[in-house]
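A.B. asks: Please take these sequences and the hints and turn them into a complete structure.
Residue numbers (the working numbering), protein chains in the order written: chain A, 1 to 252; chain B, 253 to 533.
Treat the hints as calculated values from the structure; they're not laboratory data. There's no promise every hint is true.
[What the hints assert, rightly or not] Non-contacting residues of chain A with respect to chain B, defined by C-beta distances greater than 12 angstroms in every case (computed):
| no. | residue |
| --- | --- |
| 1 | E172 |
| 2 | D218 |
| 3 | S232 |
[Stated by the list, open to error] Label pairs and their in silico Cβ distance ranges:
| no. | chain 1 | residue 1 | chain 2 | residue 2 | range |
| --- | --- | --- | --- | --- | --- |
| 4 | B | F308 | A | K103 | 13 to 21 angstroms |
| 5 | B | R309 | A | G21 | 30 to 38 angstroms |
| 6 | A | S133 | B | Y519 | 48 to 56 angstroms |
| 7 | B | R309 | A | F181 | 23 to 31 angstroms |
| 8 | A | D85 | B | F520 | 34 to 42 angstroms |
| 9 | A | S102 | B | K298 | 26 to 34 angstroms |
| 10 | B | I327 | A | P64 | 35 to 43 angstroms |
| 11 | B | P307 | A | D163 | 38 to 46 angstroms |
| 12 | A | P64 | B | F520 | 40 to 48 angstroms |
No residue lacks a Cβ here, since even glycine has one placed at the ideal position from N, Cα and C.
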Amino acid sequence: MCKAFGKHEVLKGVDLDIERGKVNVILGGSGAGKSVLVKHFMLLLRADKGGVWVDGTNVFELGPKELTGFRRKFGMVFQFAALFDSLTVEDNCAFPLREHTSKSQSEIADIVADRLEALGLAGTQKKFPGELSGGMRKRVGLARALVLQPEILIYDEPTTGLDPIATLNVDEMIMSTAERFKVTSVVISHYMASVFRIAQRVSMLRDGLIVACGSPDDFLHSSDEYVHTFVSTAGVTGGASPRQEEEETRPR
Amino acid sequence: MAGSDSQGAPEELSLRQAIMEGVRQAFAPATGMLETVGGHVLLGLKAFAWLPRRPFRAGTYVEAMEYIGFGSLPIVLLVGLFTGMVTALQSVHVFRIFGFDHIVGGTTGVSIAAELGPVLTSLMLAGRVGAGIATELGTMRISEQIDALESMAVDPIQYLVLPRIVAGALMTPILVLLFFIIGMGGAYLVAVTQMGGDEGQFILNFKLMVDFVEVTKGLIKGCIFGFTVALIGCYYGYNASGGGRGVGIATTKAVVTSSVSVLVLDYFVTEVLLVIFPVGH
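C.D. replies: Written out as C-alpha cells, the structure reads:
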C-alpha cells in the first residue's frame with residue numbers, strides 16, 4: 001500500500017499481516033506514518049495504490065452502503081479519545097447504539113453501564129469529557145468503541161501523554177479487553193515498555209515500509225541495526241517479555 | 253560537441269519546467285479560487301444528496317435551527333431596531349429639504365425589506381454563525397471527532413453539514429422578517445414620535461410602497477444568504493488542518509469569505525429578482 005500527501009510519501013509499499021484474535025502492535029518512530037497506516041484499515045483514508053483485505057474483501061472496493069456495514073466490524077480508540085465534547089460520557093458511549101440499533105433507551109443505558117463498569121468507570125455517566133482525566137477519557141473512548149461488539153479494535157497511541165501508572169492501567173485494559181471480548185487488537189505505539197507488556201506480534205514501520213515483523217522476543221534478539229537501536233535505547237533488555245512469560249506459564 | 257549536446261538537453265528541460273512553473277504560479281490565485289468554489293459546490297451537493305436518505309435525525313436540525321435562529325435573535329433585533337431608527341432619521345432630514353418627509357415610512361420600508369434587512373442580517377450571521385460553525389467543525393476535525401464519526405459508520409456530512417445549511421436557509425428568512433418588523437418600529441419611533449412626522453402619512457406611504465413582493469424579495473435573499481453563510485462556515489471548518497492555528501485561519505476565512513459573498517451575491521440576486529418582480533408590478 002502506498003500513500004502520499006502532496007509530494008510527501010508517507011507509505012511507500014507497506015506489506016503487513018494482522019493476526020486474528022491477537023494483540024498486534026505497530027511500532028515506529030514519531031512521524032513514521034503509523035496513524036496514517038491504520039486509518040486505511042477502515043477507509044478513513046484511501047491509499048494511492050494497493051489495498052486492505054479484511055476477511056477476503058478489499059476495503060477500497062466497497063460501495064458506500066457496504067462500507068457502513070463493514071465499519072461496524074471495527075472499533076477505534078483515538079490518540080486523544082476523540083470524545084464528543086457536547087455529549088456526556090453516557091451519550092458518547094450510547095451514540096453508536098442509537099445510530100445503528102433499534103434498542104430501547106433502557107437497554108442502551110444497561111449496555112453502556114455494563115461497559116463503563118467493566119472499564120472501571122461506573123458512576124461517570126453524567127460527566128462531560130472535559131471533567132475527566134486523560135486516562136479516563138481513553139477508557140471512555142474504549143467503552144464507546146466496544147458497545148457495538150466489534151471484531152477488530154484499533155488503538156491509536158493509547159498511552160501518549162499518560163503517566164507510568166496510567167500507562168500500565170491502559171496496557172492492562174488492552175490485554176483484558178482482548179481476552180474478555182475476544183477481539184483482534186491493533187495497537188500503534190512507540191513506547192517500548194508498553195509494547196513488550198501487551199504485544200503478541202510486533203511490526204516495525206520505518207521510512208514508509210514494514211522493516212521487521214515477529215514476536216516480541218524476535219525483536220529483543222533482532223540483528224537489524226535499527227530495531228536493535230530502537231529497543232536498546234528504550235532500556236528494554238533481553239529475556240522473554242512479560243506477555244510471553246505469561247503465555248508460557250499459562251495452564252493449557 | 254557531443255558533450256555540449258548532452259549538457260544542453262537537461263538545460264532545455266529545466267527551462268521548460270521553469271516556464272511551466274511560472275505559468276502555474278501566475279494562474280495559482282485563479283486556480284485556487286476555482287478549487288475553493290468547486291469545493292463549496294461539491295460539499296453542498298454531497299450534503300443535499302443525503303437530504304432524502306435515512307436516518308433523518310430531526311434532533312440535529314432542531315439543534316442547528318436553535319443555534320442559528322434563536323441564538324441570533326438578540327443581535328438581529330438590536331441591529332434591526334437601530335438600522336430602522338438611523339434610516340428614518342437620515343431620511344427625514346434629507347427629504348424635509350424637498351418637502352417629502354411624509355414618504356419616509358415607504359422609503360424606509362422598501363430599504364429595509366428588500367436590502368438592509370437581508371444584507372445586515374446575513375452579515376450578522378456571517379460574524380456569529382459562520383465563525384461558530386467553522387470553529388466547531390474545525391475543532392472537531394483536528395481533535396479527530398469527525399474521524400470518530402466516520403469510524404462509527406456515521407457520515408459526517410449528513411450528520412454535521414446538512415442540518416446546518418438547511419437551518420441556515422430556513423432560519424435566516426425568519427430573522428430577516430423580524431429585522432424588518434422591528435426596524436419599521438424603530439423608524440416609526442424616530443419619524444413620528446421624535447421628529448413629529450404625521451402618523452397617517454407614515455403608515456399610508458408604507459402601505460403604498462411596501463407590498464408583499466418587496467418583503468418576499470427580502471425573504472428570498474435571506475434564504476440564499478443564510479444557506480451561503482452556513483455552507484462557507486461548514487466548508488472551512490470541515491477542511492481545517494494544522495491544530496489551533498488552523499482552526500483560527502479557518503474561522504477568519506469563513507467570516508471574510510461569507511461577508512464578501514453576501515455583498516457580491518446581493519447584487520446578482522437583486523438583478524435576478526428585478527427581472528422576476530419588475531419595479532412597478
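A.B. asks: Each hint needs a verdict: does it hold in this structure or not?
C.D. replies: Evaluated hints:
no., hint, verdict
1, E172, "holds (24 angstroms)"
2, D218, "holds (31 angstroms)"
3, S232, "holds (33 angstroms)"
4, B:F308 - A:K103: 13 to 21 angstroms, "holds (19 angstroms)"
5, B:R309 - A:G21: 30 to 38 angstroms, "holds (36 angstroms)"
6, A:S133 - B:Y519: 48 to 56 angstroms, "holds (54 angstroms)"
7, B:R309 - A:F181: 23 to 31 angstroms, "holds (29 angstroms)"
8, A:D85 - B:F520: 34 to 42 angstroms, "holds (39 angstroms)"
9, A:S102 - B:K298: 26 to 34 angstroms, "holds (27 angstroms)"
10, B:I327 - A:P64: 35 to 43 angstroms, "holds (40 angstroms)"
11, B:P307 - A:D163: 38 to 46 angstroms, "holds (41 angstroms)"
12, A:P64 - B:F520: 40 to 48 angstroms, "violated (35 angstroms)"
Violated hints amount to a single one, hint 12; each of the other numbered hints is respected by the structure.
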